[in-house]
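Whole structure, please, built from the sequences with the hints as guidance.
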Amino acid sequence: MRKTLFLGTAVLFFLIPIVNSAEIPFCPQIANYTMEVNLDTETDIIEGHEILSWKNNTETPTDELWFHLYWNAFQNNQSTFLMEASHRGYGLSDFDKDDWGYCRIKSMEIIKNENFTGEDLVSTLRYRQPDDRNEMDQTVFSVKLPYSIQPGETITLSLKFLSKVPRPISRTGRYKNYYFIAQWFPKIGVFQDGTWNCHQYHSSSEYFADYGTYDIKITLPSSFKVGATGEYKNKTDNEDGTSTHHFYQHSVHDFAWTASLDFLRFIENYEFTPGKSVKITLLLQPYHKHIKQRYMKAVKNAVKYASLWFGDYPYSAITCVDPAYNSRSGGMEYPTFFTGGTYFIVRKGIPRPEGVTIHEFGHNYFYGLIGTNEFENAWMDEGMNSFLDTIIYHQAYGEPYYSEDYFGIPFVFKKVTKPIESEGISSHRQTWNMDSMQRFSWRFMRGESYGANSYSKGQLMMLDLQRMMGEEVFSEMIKEYSIRHWWKHPKPEDFFSVVSEFAGEDMSWFFDQVVYGSDKLDYSIEYIQNQRIKPPLGFFENQYKTAQKSEKNSPLYRSEVLVRRLGGVKVPVDVLIEFRGGKKIIEKWDGQYRWKKFIYKTPVKINRAVVDPGFIHVLDTHRTNNSFLIKPNKSAPYKWVMNWMLWLQHAMELFTKLGS
Amino acid sequence: MKILINLITGLNMTRRTIKMVLLLYVLNLLFASLLAVPMFHSLKNHIGPSAVGDELEKGFDYLWWEEYRDQSQGFEKTFTPSIIGKGALLKNWESLIQMKFLNYPPSLLLFGFLYILLHTFLAGGIVFIFSQEPPKFTFKKFFHGAGKYFPYFLGIMIVSFTVFFFILGSLTRWFGSIVASSAETSVSEITPFILGIIFSLVSLVIFLFCHIVFDYARIKTVSEQRKNIFKSLLSSLNFVVKNLGATLGLYYLLFAVTILLSIIYISIHSLIPQVSLWSVGIVFIIQQSFIFALIGIRCWLYSSQLKLFQYLK
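From first to last, the protein sequence lines stand for chains A and B. Each number in the working numbering comes from the position in the first sequence (counting from 1) with 435 added on. Each number in the working numbering comes from the position in the second sequence (counting from 1) with 497 added on.
Hints in this document: simulated from the structure, not taken from any laboratory. Note that beta-carbon positions come from the ideal geometry of N, C-alpha and C, so glycine has one too. Please note that a few of the clues may not be correct.
Claimed, not checked - Label-pair ranges, simulated between beta-carbon atoms:
#: 1; chain 1: B; residue 1: THR688; chain 2: A; residue 2: THR495; range: 55 to 63 Å
#: 2; chain 1: A; residue 1: ASP475; chain 2: B; residue 2: ASN600; range: 42 to 50 Å
#: 3; chain 1: A; residue 1: GLU1022; chain 2: B; residue 2: HIS538; range: 47 to 55 Å
To be verified - Taking lysine-lysine pairs in the BS3-like style, the calculated list, with each CA pair at most 25 Å apart, reads:
#: 4; chain 1: A; residue 1: LYS850; chain 2: B; residue 2: LYS583
#: 5; chain 1: A; residue 1: LYS1019; chain 2: B; residue 2: LYS555
#: 6; chain 1: B; residue 1: LYS739; chain 2: A; residue 2: LYS850
#: 7; chain 1: B; residue 1: LYS638; chain 2: A; residue 2: LYS849
Structural data, given as structure tokens:
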């Protein structure tokens, strides 16, 4: 016993100086990449050598491996990505030979295997099109293995590849001396439920990958400043005028990087919660130098509040990139690394760059730590993350102002603020009957439906849930959902089950309608009627009563409120009835049937009725019809038409210059 | 000095014909009401018996507005938060200079065209009244002038439309394409922004120059009893070019007065919260006074230009 203890201590003793605590993985490392890559900035070619170690973490053996080659989406206009994009009006007519991008496998061998080391797999390479059978699409390929990889077994491959950097089409590419390099290397798919989950690259879909360690060395001319996923370990200057930058990060599922001659680099350590710090690197365009503080503050607020809501940010580094103008790389997320986006004229109260910065940082949770399948369940990352950015923005900065640009200059309307409930409701209102939220990303009717269902409706659903469950329970629930699924691939059911667990009831009635349904939630007050009850007249048990003048002091009213469900989504709602004199009653309605009447016999009339007075259901597409006043406000239309008329009169007066 | 003399003379003439300014203002108000009334009903119907009316009385309810916007049709779509204060003015100037008004709903464009047509008719009356010695407004004289010169002014309007829509429109599109192509190749957004501002200023200068030429063409038509509009226009162009300093100086001085007045209006407007009936009423009076003043400045411009023309002739 003592001997064992001694040996154990000795091993630990030797391990401590070697293994930095920051390098202890947080989760099983399924897909580990060690890469040495060289970017030739003359030809825009990346030559890479990738050592991939992949573990079969399932219960099923497999004798093939599937990979993504995302950049082949940009090799010609027949790829699925560009075919889908062209339907949305994206043209490539001005593309030259050097503008296209691609990724080629030069060699692929099994290594570190007793029997099959050196086995070439390229001859078995086959392009696959699991989503649309478009044979021109080469964004997914598979290789056949000479043996089956058993559950728990690991295979190590040595790949040599060549990636041609495209002119920016979407999210990645080169613009002038700025490179944004994402989805750029042969990346293994996810082996899940006995099959490979490896979708083609679509114009409105994102990604899905397994967790692992990325140990990457990037060589390029020394004049470039570089940023990437993970910790920046070191830089080595080479004799040929190049430098090699070493980045390392465990427990992530992707690696992206950027390089530019122009970046201004700012680094700050930020203690977001007592005892926990993160090193923030901000890579800024020189013409946005004056926005540095706003960017930095936005990242800090994002880390701080996201940690409170969804669990402490576990990584030691975060890099925020201010994307180059025209690079089409703005507003994208990668683990510990993301791009923001701003304009050189900033105004207080306009969430630029804060909105996008918080959103893209937030993806470190909803996509990064909680590794949902973005191809299949886009709302689980975009919807939840939109909720994250909205609540964090409102918490940190308050309600944003309405703004409009005139002559390219943003003007703030301080008399108009945007409440949290307005985030996303308009796009949901316009697309609610197009699709359900739960669709594969490329199978939405239109791009705006993908956006509205994945981002807006997802966000509104979260806000609705928050208000239905109560803030405290919801906060506990969402934190639990988050932490429970870090470094996992949760599916919608996993989320539903956590919600039901905390709600204390099976919430599938809600999700069936909101996630899988394509109906709208719309409750309204149709009318209020106050009818004076007439005195008894006629026969009453053989007694005949004649019409008499009612007593003036105690009239009775039969007051009626009709509440209607105009949409297909059924939720329980409260109905507030307010009587003259201020008496209020809250009625409960299960909201199931098409309508419900509330009838009272009272000495005072009903003044006002509101369905969902607490504004629980932010999914309600028409909030205006939720309330009814016996005496509606008469001055509001006058006030606003008067303001509108001033605009019209001024326009008339100004536009006469065109003709007289 | 001659600019100031004629400006002061023009101002006095305008003061003496204040009834004409009032008439023009009333016509502006009535014409605007043709759309304001349906807009009022549109807002009233949408707000209905909802409690949102109370919120709208206190301020602008953004949530309600999004709902209204999503169901609005035609000219209703122009009801946006930007109608508040400075937004209304900036939006109009940008729409005019960058020809963005062409994207307005067809019903609004037709309405605008009809107003310009009406104004073309009225302009004959304005110039005719100012051309009298001493200028004195009577309905009879005003409408006599308006009717007499309408065919000529209509011709000038057609030429003016041709110049603005085809020539200036092409120029604006060309500027726009330069900005767009610069945006595609620029290192930052600053270059296209600066180009955009420069082109807007150039467009404004050209626009105002054309406007000056058309103004003097109308003045010449009345004061020289010209019957050929093309000769009037050429003669006007010749006059403006020959007296560039005086004609431009006078115009730009009054343009500066308009800008100053607009700034004053915006400042006052932003100080008054429209939360009660009386404050709404006060804002209405301020707004209408602003429009009245703008119409007054337009008359002042005509009278000063006429006087300058007579002075330099």
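Taking 55 to 63 Å as the hint, is the beta-carbon distance of THR688 of chain B and THR495 of chain A inside that range? About 57 Å separates the Cβ atoms of THR688 of chain B and THR495 of chain A, which means 55 to 63 Å holds.
In this structure, is the beta-carbon distance linking ASP475 of chain A and ASN600 of chain B contained in 42 to 50 Å? For ASP475 of chain A and ASN600 of chain B the Cβ distance comes to about 46 Å; the hint holds.
Holds or violated: LYS638 of chain B and LYS849 of chain A, Cα atoms, limit 25 Å. Violated - the C-alpha atoms of LYS849 of chain A and LYS638 of chain B are around 48 Å apart, more than 25 Å.
Can the suggested window of 47 to 55 Å be confirmed for the beta-carbon pair GLU1022 of chain A and HIS538 of chain B? Once the Cβ atoms are compared, 33 Å apart, the range 47 to 55 Å for HIS538 of chain B and GLU1022 of chain A is violated.
Can the restraint linking LYS1019 of chain A and LYS555 of chain B be considered satisfied, given a maximum Cα separation of 25 Å? holds, 23 Å
Between LYS850 of chain A and LYS583 of chain B, is the straight-line Cα distance small enough, at 25 Å or below? holds, 12 Å
LYS739 of chain B and LYS850 of chain A were given as a pair; does the straight-line alpha-carbon distance stay at or below 25 Å? violated, 49 Å
Of the numbered hints stated above, those contradicted by the structure are hints 3, 6, 7, listed in ascending order.
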